[in-house]
Amino acid sequence: METDGGRGVVVVVTTDGVRKGCGGHNRCRGRAAVEFLERSCTAEFSGFLLYKELGRRLKKTNPVVAEIFSLMSRDEARHAGFLNKGLSDFNLALDLGFLTKARKYTFFKPKFIFYATYLSEKIGYWRYITIYRHLKENPEYQCYPIFKYFENWCQDENRHGDFFSALMKAQPQFLNDWKAKLWSRFFCLSVYVTMYLNDCQRTAFYEGIGLNTKEFDMHVIIETNRTTARIFPAVLDVENPEFQRKLDRMVAINEKLQDIGQSDDNGLVKNLKRVPLIAAFVS
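Oh and the sequence shown: position 39 is 39 in the UniProt record's numbering, straight run, nothing missing.
Just to be clear, a hint being listed does not mean it is correct.
[Unchecked claim] Computed cross-link-like contacts, DSBU-like style, restricted to lysine-lysine with a CA-CA straight-line distance of at most 35 Å:
no. : residue 1 : residue 2
1   : K136      : K52
2   : K246      : K273
3   : K85       : K214
4   : K60       : K136
5   : K179      : K148
6   : K101      : K60
7   : K214      : K270
8   : K169      : K179
9   : K52       : K179
10  : K273      : K214
11  : K246      : K179
12  : K214      : K179
13  : K59       : K214
14  : K136      : K59
15  : K256      : K246
16  : K246      : K136
17  : K101      : K59
18  : K214      : K111
19  : K181      : K214
20  : K169      : K273
[Said to hold, decoys possible] Label-pair restraints from in silico Cβ distances:
no. : residue 1 : residue 2 : range
21  : D237      : T61       : 34 to 42 Å
22  : Q155      : R202      : 34 to 42 Å
23  : G97       : A234      : 36 to 44 Å
24  : E242      : K273      : 40 to 48 Å
Since the hints were made in silico from the structure, they are not lab data. Using N, Cα and C, we set each Cβ at its ideal position, and we do this for glycine too.
All chains should be modelled from the sequences, with the hints used to inform the complete structure.
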């Protein structure tokens, strides 16, 4: 047993290594597939924890909404369970109970939860459905059975997003002033950039199932943005070629920052090298 410090998750690993038990799933073998399953599993389980907590807190004040959150938490828990079961094919398992006990909770105002979670659910829908449709059209890349469930899963994500859309419409102060426009654009930018940077660090998985990582991400971002424009008071102009050019520039800067972090230089030298890159990143 070992602890994955980067995620705060306890991982159980057998002495046979991660490759045993993969069967014929050659393209999905190895660390790329494991990372995808791990990240997806922890994301789904985090959704379970969030919705379960919201359901618990709202039980007395708004039992109808509390029940909806409880049902949504069951969806997320089911997804996390399937993904964790999939990891067993690689002789791995995430200790999801550890997340429940060790996770630190941070208070956010409801509107921030609504913006961020709506985007998370909608972007999850477009990621799942895009992968599902691609594999259906290109069965030679259908390398792992769990992807066949993505059509049903993505509908859960879509419905969850629609629920948050209804919540925001019921609270017009979250959508109708100048601050709402700024926060909408901020959360769009944060979510899109985070996904793009993360996926560009893990291209092996997407290439392994026949997808171009950047094209996949831009498709997901554009479709999510179009959906989000129906509810958010302001969104980004993601279909402008300049938007992807800036994303690619951030990817290049991020790679340089990672190289500095992995170098043998002392801490002071590393920090000095980071300064101009961070300034360029922000600009």
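Cross-check of the supplied hints:
1. K136 to K52: Measuring from Cα to Cα gives roughly 33 Å; hence the hint holds.
2. K246 to K273: 21 Å, holds
3. K85 to K214: 29 Å, holds
4. K60 to K136: Violated - the C-alpha atoms of K136 and K60 are around 45 Å apart, more than 35 Å.
5. K179 to K148: 41 Å, violated
6. K101 to K60: Distance ~25 Å between K101 and K60 Cα, so the pair holds.
7. K214 to K270: Distance ~29 Å between K214 and K270 Cα, so the pair holds.
8. K169 to K179: 16 Å, holds
9. K52 to K179: The given pair, whose Cα atoms are some 29 Å apart, holds under the 35 Å limit.
10. K273 to K214: 28 Å, holds
11. K246 to K179: 25 Å, holds
12. K214 to K179: 31 Å, holds
13. K59 to K214: 42 Å, violated
14. K136 to K59: Roughly 41 Å between the alpha carbons, so the hint for K136 and K59 is violated.
15. K256 to K246: Within the cut-off at roughly 16 Å; holds.
16. K246 to K136: Holds, at roughly 32 Å.
17. K101 to K59: Distance of about 22 Å is within 35 Å: holds.
18. K214 to K111: 30 Å, holds
19. K181 to K214: 27 Å, holds
20. K169 to K273: 46 Å, violated
21. D237 to T61: 34 to 42 Å: 39 Å, holds
22. Q155 to R202: 34 to 42 Å: With a Cβ separation near 25 Å, Q155 and R202 fall outside 34 to 42 Å, so the hint is violated.
23. G97 to A234: 36 to 44 Å: 41 Å, holds
24. E242 to K273: 40 to 48 Å: Because 28 Å falls outside the window, the suggested range is violated.
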